[in-house]
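S.K.: As a plain string of letters, each chain reads:
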Amino acid sequence: MWEYTIHLFKEYMGTGLIIGWFLLSAGYLWFTEKQKHIRILFIYVPLILLILFFTPVFANIVYYFVGDEIYYRILWLIPVTVVIAYAAVRIYGTLKSRIRILFPVAAGLLIIYSGSFIYSNPYFNKADNIYHMPQAVVDICDAIEVEGREVMAVFPVEMLQYVRQYSPVVCMPYGREITVERWGNTDELFAVMESEIIDAQDLARYAKARLCHYIILSQDKEIAGDLLSYDYILFDCIGGYDIYLDTTVYIGF
Amino acid sequence: MVMQMVKIVQQVLLMGIWLLVIPAIVGGIVAAGVDKYKRNFPFLWITGQILLWALFQLICVPVILKGVEGTFPQVLNYYLTATAVLMIPAVILTIRNMRDRKKIFHIVSGKDNNKRLYHIMWGIFWILLLFQVIMAGVMTYADGDDAFYVAVSTITEESGSMYLRLPYTGGSTGLDTRHGLAPFPIWIAFLAKVTGMRTVIAAHVAVPMVLIPMTYGIYYLIGRRICGKRHRERLPIFLVFTQLLVLFGDYSFYTAENFMIARTRQGKAALGNIIFPMLIFLLLIILQKIQENQRVEWMWWCLLCSVIIAGCLCSTLSAFLTCLLIAAAGLCAAAVYRKWKLLIPMAICCIPAVCYALLFLKLA
Numbered sequence: 001m002w003e004y005t006i007h008l009f010k011e012y013m014g015t016g017l018i019i020g021w022f023l024l025s026a027g028y029l030w031f032t033e034k035q036k037h038i039r040i041l042f043i044y045v046p047l048i049l050l051i052l053f054f055t056p057v058f059a060n061i062v063y064y065f066v067g068d069e070i071y072y073r074i075l076w077l078i079p080v081t082v083v084i085a086y087a088a089v090r091i092y093g094t095l096k097s098r099i100r101i102l103f104p105v106a107a108g109l110l111i112i113y114s115g116s117f118i119y120s121n122p123y124f125n126k127a128d129n130i131y132h133m134p135q136a137v138v139d140i141c142d143a144i145e146v147e148g149r150e151v152m153a154v155f156p157v158e159m160l161q162y163v164r165q166y167s168p169v170v171c172m173p174y175g176r177e178i179t180v181e182r183w184g185n186t187d188e189l190f191a192v193m194e195s196e197i198i199d200a201q202d203l204a205r206y207a208k209a210r211l212c213h214y215i216i217l218s219q220d221k222e223i224a225g226d227l228l229s230y231d232y233i234l235f236d237c238i239g240g241y242d243i244y245l246d247t248t249v250y251i252g253f
Numbered sequence: 001m002v003m004q005m006v007k008i009v010q011q012v013l014l015m016g017i018w019l020l021v022i023p024a025i026v027g028g029i030v031a032a033g034v035d036k037y038k039r040n041f042p043f044l045w046i047t048g049q050i051l052l053w054a055l056f057q058l059i060c061v062p063v064i065l066k067g068v069e070g071t072f073p074q075v076l077n078y079y080l081t082a083t084a085v086l087m088i089p090a091v092i093l094t095i096r097n098m099r100d101r102k103k104i105f106h107i108v109s110g111k112d113n114n115k116r117l118y119h120i121m122w123g124i125f126w127i128l129l130l131f132q133v134i135m136a137g138v139m140t141y142a143d144g145d146d147a148f149y150v151a152v153s154t155i156t157e158e159s160g161s162m163y164l165r166l167p168y169t170g171g172s173t174g175l176d177t178r179h180g181l182a183p184f185p186i187w188i189a190f191l192a193k194v195t196g197m198r199t200v201i202a203a204h205v206a207v208p209m210v211l212i213p214m215t216y217g218i219y220y221l222i223g224r225r226i227c228g229k230r231h232r233e234r235l236p237i238f239l240v241f242t243q244l245l246v247l248f249g250d251y252s253f254y255t256a257e258n259f260m261i262a263r264t265r266q267g268k269a270a271l272g273n274i275i276f277p278m279l280i281f282l283l284l285i286i287l288q289k290i291q292e293n294q295r296v297e298w299m300w301w302c303l304l305c306s307v308i309i310a311g312c313l314c315s316t317l318s319a320f321l322t323c324l325l326i327a328a329a330g331l332c333a334a335a336v337y338r339k340w341k342l343l344i345p346m347a348i349c350c351i352p353a354v355c356y357a358l359l360f361l362k363l364a
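Protein sequence lines, in the order shown, are assigned to chains P and L.
Residue numbers for the first sequence follow the working numbering, so the first one is 1 and each next one is one higher.
Residue numbers for the second sequence follow the working numbering, so the first one is 1 and each next one is one higher.
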């Protein structure tokens with residue numbers, strides 16, 4: 001438990017530089033800040049919270065009730081951003097003339113160097129559309145929706161997290177939960193869909209067992225066999241994906 | 001094409017009304033109870049939104065806990081009615097406050113200080129803010145948790161049922177009490193319903209474009225408080241530093257700053273970037289008043305309580321975290337000021353959070 005708490009704190013710290021600046025800022029305020037209400041909120045309370053965070057008894061209690069994955073959110077109570085910014089303007093206030101003008105520039109550059117630009121995160125991308133969904137997901141969902149009813153479709157893994165954000169009437173035999181390893185979910189249909197070479201007979205069998213109206217496959221995916229031999233028709237081709245419709249399952253057409 | 005444009009403009013206007021105008025008017029109720037405090041637009045807007053979130057939480061959770069299909073329209077009706085009732089005194093008070101309308105929009109003042117750096121820093125602040133708002137619209141962050149939270153919003157808006165459908169796959173399920181006690185996605189579904197905007201757009205575009213400025217609005221309020229009237233020229237420098245710390249806050253996946261930009265549509269992001277800073281702001285005011293032996297107007301305690309309830313809307317963990325912060329701050333203040341009585345109103349403000357925590361333990 002102790003090791004996990006340390007691990008969580010290290011994960012929260014990242015490179016450690018910003019937290020380092022926070023500790024220095026809090027230390028500076030300890031010696032210079034006279035206003036008690038600011039000392040309480042910017043020095044004493046963060047100190048108490050940090051002590052609690054690392055206290056095994058406290059950690060055990062919290063883990064018991066809320067789990068260990070989100071224990072790090074206690075650290076959100078510490079006003080890191082406000083303390084660093086406040087300490088910086090206090091230092092600015094003590095400086096004179098030209099140094100005073102250069103200080104915000106220097107401090108700003110230090111913050112930039114110490115952190116990491118959020119928009120350079122690889123998970124950030126230019127949005128394809130106003131929905132902030134991959135365009136292929138939008139187009140496929142629009143194509144397979146049937147008015148007045150829900151449809152069941154099996155999607156490739158890269159689409160799983162988007163489908164039901166866009167369309168609540170397109171259901172899936174498995175969703176994003178299958179991709180999170182630590183949740184330990186398994187699914188035979190998923191295993192077939194994500195195998196290197198898909199066996200068409202197995203895919204058809206598992207998809208029919210799950211009452212899937214549609215199978216969506218990437219055109220780059222290699223398939224052994226032909227879904228058309230198993231009562232499927234090629235419904236549409238959209239955005240690099242083939243949509244197969246099971247003709248044996250009533251859908252309302 | 002023209003009809004589509006008209007529809008889009010209508011949706012944007014309605015979203016602006018629900019996320020900007022109505023909260024700012026409701027904030028007039030708070031401003032009326034805190035006479036001596038500067039009634040500027042960020043204060044009115046943010047306190048109004050906090051009150052509305054608290055109201056939504058109080059209305060929505062009991063309906064969710066009924067566990068009956070198709071009850072989202074009930075939430076809509078109750079909340080719209082409650083908001084309309086709240087608007088009556090709010091409009092009257094806002095009209096009265098409009099006498100001070102120059103002060104309401106007195107966010108930046110060239111009269112405070114003529115130094116060039118002051119104006120440059122304000123310019124940088126507004127440019128960086130505009131940059132972040134635009135990026136919220138044009139950039140997307142692929143977060144797996146959206147598959148749950150945004151899907152809940154989409155399902156709710158379309159089917160009218162709350163937490164009775166499996167968000168990842170579809171199909172019915174038993175009531176998801178754990179998430180139902182923090183129905184931030186239902187609030188997003190509400191916005192989508194009343195504006196006609198598609199839920200996924202409301203979640204990924206509209207809400208971030210408003211909540212990001214709201215966060216800086218709170219930093220503005222905090223900055224005004226701690227810089228004071230004597231050092232008002234430091235306020236834009238403080239704000240630019242906060243922006244840089246946020247923009248370069250990707251040094252860790254776990255920081256509140258990362259959540260603020262990347263996952264604004266999720267309740268936990270609102271918790272870390274709006275609720276907690278708002279608590280810090282309120283505690284700064286309350287503790288300073290106690291320190292200076294001034295009376296703490298009852299409206300500040302109401303607002304503190306509202307922030308705690310609004311926090312419960314954002315996350316089930318909020319009940320624990322907000323109480324932890326209040327307890328730590330309260331005990332420190334009581335010891336420093338030797339005024340143990342201040343713990344009483346603080347404890348009373350935490351009662352709603354304790355109730356939600358007990359509900360969570362009992363049901364989830």
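Check each hint, because a few of them may be wrong.
Here are the simulated lysine-lysine pairs, BS3-like style, with alpha carbons at most 30 Å apart [as the list claims (entries may be wrong)]:
id	chain 1	residue 1	chain 2	residue 2
1	P	K36	L	K341
2	L	K193	P	K126
3	P	K36	L	K229
4	L	K229	L	K339
5	P	K34	L	K229
6	L	K7	L	K193
7	P	K36	L	K339
To be clear, the hints were calculated from the coordinates, so they are not data collected in a lab.
S.K.: State for each hint whether it applies.
M.R.: How the hints compare with the structure:
1. P:K36 to L:K341: holds (18 Å)
2. L:K193 to P:K126: Given that 30 Å is the threshold and the Cα spacing comes to 27 Å, the pair holds.
3. P:K36 to L:K229: Distance ~18 Å between K36 of chain P and K229 of chain L Cα, so the pair holds.
4. L:K229 to L:K339: Given pair K229 of chain L, K339 of chain L holds - Cα atoms ~27 Å apart, limit 30 Å.
5. P:K34 to L:K229: holds (17 Å)
6. L:K7 to L:K193: holds (14 Å)
7. P:K36 to L:K339: holds (13 Å)
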